[in-house]
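*Asks:* Listed below, chain by chain, are the residues.
There are 2 protein chains.
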Amino acid sequence: MTFSMADKAHQAQIASRQLARLTSSEKNSILNRIAALILHHEDAILAANQLDISAAQQANLASAMVDRLRLDRSALEKIAQAVNEIAGQSDPVGSISKIERRPSGIEVGKMRIPLGVIAMIYESRPNVTIDAAALCLKAGNAVILRGGKEAINSNLALAKCIEQALQEHKINPDAVVVVPDPDRAIMNELMTLNQYVDLIIPRGGEGLIRFVSENSRVPVIQHFKGVCHLYVDDAADINKALNILDNGKAQRVSACNALETMLVHKDIAAEFLPKAAALLKQRQVKVHACEQSLGYFEGATAATDEDWHAEYLALEIAIKIVDDFDAAIAHIDLYSSGHTEVIVSQDYSRAQQFIRSINSAVVMANASSRFSDGGELGLGAEIGISTSKLHAYGPMGVESLTTEKFVVLGDGEVRA
Amino acid sequence: MTFSMADKAHQAQIASRQLARLTSSEKNSILNRIAALILHHEDAILAANQLDISAAQQANLASAMVDRLRLDRSALEKIAQAVNEIAGQSDPVGSISKIERRPSGIEVGKMRIPLGVIAMIYESRPNVTIDAAALCLKAGNAVILRGGKEAINSNLALAKCIEQALQEHKINPDAVVVVPDPDRAIMNELMTLNQYVDLIIPRGGEGLIRFVSENSRVPVIQHFKGVCHLYVDDAADINKALNILDNGKAQRVSACNALETMLVHKDIAAEFLPKAAALLKQRQVKVHACEQSLGYFEGATAATDEDWHAEYLALEIAIKIVDDFDAAIAHIDLYSSGHTEVIVSQDYSRAQQFIRSINSAVVMANASSRFSDGGELGLGAEIGISTSKLHAYGPMGVESLTTEKFVVLGDGEVRA
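Those protein sequences? They're chains A and B, same order as listed.
Going by UniProt numbering, the first sequence opens with residue 1, and the numbers climb by one from there.
Going by UniProt numbering, the second sequence opens with residue 1, and the numbers climb by one from there.
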């Protein structure tokens, strides 16, 4: 029997109704069982993973790519632990924040419910298969997982653990669909199935995300890039600014919450920039500096407009001296990717104005941009980071995989 | 100078930043001034409206269409009053629901902010121009209004009131863009401008909504149709059921929250259906009945699968006898448009199970589907009704035109 994406998506929609009606303890029991089965089936999973690794090596994939694919006992333990942690989080489904009585006599509330069917389109990391399935199941959603072809054997082996856990709990197995054929045509078809699929979350490179968001008829939550700004105000505590610069730029350069641009108030530049230069030199960070700040940095290159747009994801940073607070806001308004922006200032009004004025997904005063992460912000596990404002903005946890319906309780009322 | 949609959308995005930073009283003052100017410029608006009416009559438009276009003093008073009511509603922007301290020491909250730039694509009613602009401004958004060509003179005359109010308050006039040329090509271009526009809300016939949602790269909130179900349980209070049927089907047949299908438990059919038949006969409602119920209704036709999908928007109803509660749920799962569903039952568990199980945008126990409306549910004025689950589900008020950003307050914390 050939695989039909439309058919499977329809079946997933039917299965989603059963999931939406499960209690929290039923869902948690499934999740805990998935975690146990991942460890129980270690040998089969690692053997399947070995097939992917060998194929990747034969195809001469870059070693970083091969590393991303690789699973071992310790990786499986981490994956299983993450699933148990998701089981331990609170369940948003079914909660009603408040019920109000209306003049007509009816009582009106909003109840949180699952979105329905969520499709994940992702690249090579096999752990996404389990992470995404666990988060979607926790929120009562069916999920369609379309991973990269490099990880297909690993993904199918992991999917067997999910399938077994669902079966043991008498859940319709179409609640979690792992697309067995990572063909482009199937992905393209998936993006047209808006009658069955409620949301697509692409995870991977900018090319993949752009392709999905430009071609999908199903709503897409997108995260293009993080061009995070640090603004060092003239009222900044210089030690805080240095720590936040160091942590933001050098701790993990490949993260989307790493710093890419630093704006410095002109009145603090002479005191702050030499210290910043020493720090960046020690951390081997290449500097792209504006004309006024160029002299502070040995070996720096002159920043161009491209640098203000750049997400380096490397030990590089763009630095600009600004005349005042408003100039910093104007620069961020122009170049922000909507991800995370930070002010360092001891001035109360300035910090408050920054927090209010900048409408990026995460706005911070006196804290490292590296905190812009689901776990650090208190959401638990993260299914993605949205830089578009609709539905969810910023790091997305389980609650972002739900919506709210209106509940009306009457006693025979009709409309006048 | 020719009109450039891309350019104007970009200018609207720039203007949106100023709007996002206004206080509630500044926004309310603009709204109250718009209301006053609509009455002040009555003559000019009615003269412009007369141009549209004459053109429509010359083009032999149906008289219902011409009526939808027509403005008079009383219509303008209602429009102005609606704007003042929107000004009087509470402002969601800037509110933070709670701030929590994280283990790292940072404090994390979520602050409500405007979406940015909202585009409305609508058909002939000129009051939408003011309603939509007022709701978008209240939430701090810039708005692009693309109305139908039949109402273009009326829309431009109303837009002048908005322009004057913005100017008097020193607001960038691109905060409200009325597209002067309702050409299809301009609408098509608008739908590609996802770098500037955050949300498109189409209002009008199903054809328009489908066209926009299938072709837009900007996120769309769609409301296709309302196939609202009434389920009369065997534990129903028959008088409540009759009142809710009467109100739901006959009060306003053209509304999307009118009833289209009634499901009746087989054990109450013999008692309830003769009374329902008398009521529907009195109201001149045409009945499409299932095989088992056909005998109860004089002049009824046999229901086909098409009837279970139908949004009649007329004095017609589809009626089906179901074996039990589960069969009612299964029918709704299959045919629901995700709008509004009602159970009439005095059985506590049955009502609760219905409320939990049905994930339409509005789910009711013992109340008329006609309450499924922004005003009745307590949202104030309504900008649309979403039957897709992302971002907003059901009637949308001012809060649906906002999103939330994360706010992080630190004192120099960095990530470990």
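These aren't lab readings, by the way, just hints derived from the structure by calculation.
Each hint should be verified, as a subset may be incorrect.
Which copy is meant is left open, so a pair is good if it fits within one copy or across any two.
Mimicking DMTMM-like on lysine to aspartate or glutamate, the simulated pairs with C-alpha atoms at most 20 Å apart in a straight line are [what the hints assert, rightly or not]:
id	residue 1	residue 2
1	Lys98	Glu399
2	Lys275	Glu163
3	Lys110	Glu399
4	Lys110	Glu404
5	Lys266	Glu100
Note that the structure is a prediction, hence the values are computed from the model and not measured.
*Asks:* Each hint should be assessed against the structure and marked as holding or not.
*Replies:* Quick rundown of the hints versus the structure:
In this homomeric assembly, Lys98 and Glu399 come within 20 Å of each other (Cα to Cα) both inside a single copy, at 17 Å, and across copies, at 16 Å. Taking the shortest alpha-carbon separations for Lys275 and Glu163, neither the intra-copy value of 56 Å nor the inter-copy value of 51 Å comes in at or below 20 Å. In the homo-oligomer, the alpha carbons of Lys110 and Glu399 lie at most 20 Å apart both inside one protomer (14 Å) and across protomers (14 Å), since each shortest distance falls under that limit. For a Cα distance limit of 20 Å, the shortest separation of Lys110 from Glu404 qualifies both inside one copy, at 6 Å, and across copies, at 18 Å.
In this assembly of identical chains, the alpha carbons of Lys266 and Glu100 never lie at most 20 Å apart, being 53 Å within a copy and 34 Å across copies at closest.
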